[in-house]
Amino acid sequence: MGDIFINLWQGTIYAFSPINLLAIVIGYAIGVIAGAIPGVMAVTAMVLILPFTFTLEPLFAIALLMGAYKGGAYAGSITATLVNIPGTPEAAATALDSYPMSQRGEQQRALELALWASVIGGTISNLLLIFTAPPLAEVALLLGPAEIAALILFSLTAVITLLGDSLLDIWKGFISITLGLMLAVIGLDNMSATRRYVFGFEDLDSGVPFVLCIIALLALSEVFIQCERVRQLHIEQGFKGVKPIPYTWPQRWKDFKFCLKDLIRSSFLGSLLGALPGIGATTTAFVCYGEARRSAKKDNRFGQGDPRGIAAPEAGNNAVAASSLIPLVTLGIPGSVAAAVMYGAFMIQGMIPGPMLMQERPEVIYGLFVLLVLTDFIGAFMVALPFIYVVRRLLRRLDFSLFFPGVMACCVVGVYSEEFNVFHLRLFFILGVLGYLMRKNGFSIPPFILAFILGPILERNTRTALLIGGGSLEVFYTSKVAMILLILAVASLVWALWRKARGAESAGGLAVPEEFKH
Amino acid sequence: MRKTIVALTLCLALGLAALPAMAADYPTKPVTAFVPLAAGGTTDVFVRTIAPYMEQYLGKPVTLINKAGSGGAVALSALNKADPDGYTFSWANLPTVTTIPQMRKLTYNPDDFVYIASPMHYDYIFYVRNDAPWDSLDAFIAYARENPGRVSYGTPGLGTTNHLAVAWLANKEGLKMVPVPFKGNPKSVAAVLGGHVQACNTSTTASVSSYKSGKLKPLAIFSAKRIPLTPDTPTLQEMGYDFFQYSCLGAVFPPGTPEAARKKIEEAIRFAVSQPDVIKKAEEELYVSIDFLDGKAYRERRDQYYKIWGGILEEVGLKKF
Amino acid sequence: MKPRKELAIALGILAFCALNLLYFIPAQVAAEGSSTTYPHLLNGMLAFFALAYALEAVRQMWKSPAGERAEAGEKPSFLDVYGRTLLLMAVTGVWLFAMEATGFILSTFIFLPVAAYIFGSRSRWKPLVLGLVMPLIFYGVFRALHSQLPQGPVEALLSHLLD
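Chains as they are written, first to last, in the working numbering: chain A, 862 to 1379; chain B, 14 to 334; chain C, 70 to 232.
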């Protein structure tokens, strides 16, 4: 433990310079802008600026990327709040409550709630990264395919809370889940390197990219839906119709106390899920949202602008940002796309991240940690607060007839620059229409997305476990962890359904929010 | 008649004059190069390391575009559709022009491409965990022979050279081992570290950090020569097997690109990989071996390995075309 | 939503399951040599849920027979409600499918004003300015980043002028 503080001190000396702080501000600003533009991911921005880091100082380069990463993790919630188009996939869960809240005129409250939740979640996760990374990484390593499969199954049950209440809505929710799982089947079957539903397009071999899928289903379909409201939009003309409600200091304090439990729970949950490869921020945000909803009292206002519905997913998805670096710095294994970009950034600087770097040059790793802790605060105060002030001002006299086409162009640029493949633009259009049809007919999108992300991990790990176990299901009950997780998954499924069944009679507040119903 | 002949001769002369002119002028605008993998990997960083030197030689920018997907086939199929004017080429790993076209139906025929040059090849190491009871490949093989079907090894995907090389060894020794495909080399290494599979055959970079911190034990080098990272680990050939695992990075033009452009890019690559900076970075930081092959040698190497890897694909039942 | 529509959707999904079972899985999965277990499992799940959904829709129809139809009264026609959206979708489709041939700048220059008019823009010139400025900004950013958007005639011209 003492070592850590010595290392941190040395890291501070090594890293703490005005230039590096400037890198954080620039990086965070890039991340916020990329994250706030629907369709353009912070990771895309990171990939695009990666080649330029060849000529930069190591820590400057890494601080720049780190800032962009953190900025993007927060900024997706801005457009999610204001126009119900998540700027990044991980903000999809936030939109469930932040959009209704901003519709009431409490835009400032919704935006600030998301920002402070991000800072809190990010900071808790940063501290966990610094102090518990090695043991956490060891635990993550010990989870084999069987355990991961069981864990994913458990995470999937969080979806249940996102389903509607009537029997009709529940069946439709299950159909959404199944369709999400089916869409994820497209591409090469990794276990046999053969094709499934590829229809002869080699562009589909690697499957439907997940960012593309989410932007299409949430952003493009939203634009199509807004198109129906054209006449209404003209009456509203921006947000003139709703009077903005200011956010006072006593209210901030009240919200903080009200959300504290969810903030802490989501931060830890997010850090844990983030340390496991493959789960990612989007899923985590939904799981945290689901957990907050599950633990709330009956009379909650989730889906209608409950502050906890903003705080929980935002704290969760920002906690992922730091903790997804745990496998990278302790094992040299990138656990997410962003971590893979960071891996590249280290490699460009002539360092290979992993346990060796931690031993050979601790000042670099701990310097990075120090910058990481600073990023959240510097970014929030120096970049994010002014930014949301400007955005709110701009939005007040926004011309929607120009805004939505512009959003579409941004999405297209974002989708294209993921892999520079024109085929993906066509896929984007097709999925956008699919998303529109689903939403118009009351099939909710979040369960679809969650199934789409988790399905392949579940399939892959189950089949890997079976392969290693020689085809028998033995692995699932000989491993205690897997067994416990499976029992938990089944129990939470039964419990959620039972609660639904009872809630259906009393018509409780667990309804799917209107924007996702239509 | 006479006029026609004169005209024809003139045309020919003009045409001949135009050809060297193209060689002298080329390139007159930026050259686009596809990278068949996502940004941030070894290949990507290597390609970006040599790009500035290629630009220096060519006098025009080289724009690198990452087109990942289908083991590189997406980049090559896009290349196949591009204008063969010498301003678009693609980097390609050897499997994309050898094994993948034999595993699935693609929109391009790898025989048609114009092979420019190959700047480097990859190195492969066969690892077990540091606390594993085997200290040599022989001991491992003996164990696998006694426990058929119970020994598994990690690969970065089915049909990758990492998988095929171990499959070759297993066939040769009559072993029954289970290949477990993971999503890339790092995950396959992680599975060994976590004890979920007994061994893995991985490219160097993914294992460097874990190996250096003493968590992995190398049993054999699968590539042709010993490597600086693990100088004491013998190669398969030294152990008496007539085999090594080979995969290289190369550059290809779309079918029908003029020779003048090919020659120029070949020279640019040769220039880039003879820079001391590049050699140092490649060997000390990226752990790949600089090994320049000109267009002809690269093409021959490709044809040779099309058959070698194809044969092993057939043995493991993955050859479809 | 009316139970009848729900039933129609459920039947549509069931038809998709049948198509999947009879054509997609044999031709696009089995024929490629992939394992069909998981696709069959998913198809079975989808069919089961769609069936349950259909039955529930039928039950709703029984519960609230015909009566509701009267309230409908004067409803806006289908085209009134969805006309704009369909038009926007069609234009978007053309834009995205044509981009490979036309390049980003040209197609977006045409798409943005058209989409803005579909969204009911009241200004005549603002959409044109948007169409002109936005693609050029993106082109500039990508150029500065040494990257590319889909190439076409305008990109070729600009590259000729600038390089």
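Simulated from the structure, these hints should not be mistaken for lab results.
Treat the hints with caution; some may be incorrect.
Stated by the list, open to error - Listed below are several chain B residues computed to face chain A (Cβ distance under 7 Å; list not exhaustive): (1) A81; (2) S90; (3) A155; (4) R158; (5) N160; (6) P161; (7) V164; (8) G172; (9) P194; (10) V221; (11) K225; (12) S226; (13) E298; (14) S302; (15) I321.
Stated by the list, open to error - Derived pair list, reagent style DSSO-like, types lysine-lysine, alpha-carbon separation capped at 27 Å: (16) K200(B) x K1341(A); (17) K320(B) x K332(B); (18) K1301(A) x K195(C); (19) K94(B) x K118(B); (20) K94(B) x K276(B); (21) K132(C) x K1301(A); (22) K1301(A) x K1341(A); (23) K1341(A) x K196(B); (24) K276(B) x K309(B); (25) K189(B) x K320(B); (26) K1301(A) x K71(C).
Small disclaimer: the values here were computed from a predicted structure and weren't measured.
Just so it is clear, CB atoms sit at the ideal spot from N, CA and C, and this is done for glycine as well.
For each hint, the structure was consulted:
no.	hint	result
1	A81	6 Å, holds
2	S90	5 Å, holds
3	A155	21 Å, violated
4	R158	17 Å, violated
5	N160	11 Å, violated
6	P161	11 Å, violated
7	V164	10 Å, violated
8	G172	5 Å, holds
9	P194	6 Å, holds
10	V221	5 Å, holds
11	K225	4 Å, holds
12	S226	4 Å, holds
13	E298	4 Å, holds
14	S302	17 Å, violated
15	I321	18 Å, violated
16	K200(B) x K1341(A)	23 Å, holds
17	K320(B) x K332(B)	11 Å, holds
18	K1301(A) x K195(C)	31 Å, violated
19	K94(B) x K118(B)	16 Å, holds
20	K94(B) x K276(B)	21 Å, holds
21	K132(C) x K1301(A)	24 Å, holds
22	K1301(A) x K1341(A)	44 Å, violated
23	K1341(A) x K196(B)	25 Å, holds
24	K276(B) x K309(B)	11 Å, holds
25	K189(B) x K320(B)	24 Å, holds
26	K1301(A) x K71(C)	13 Å, holds
In terms of the numbered hints stated before, the structure departs from hints 3, 4, 5, 6, 7, 14, 15, 18 and 22, listed from lowest to highest.
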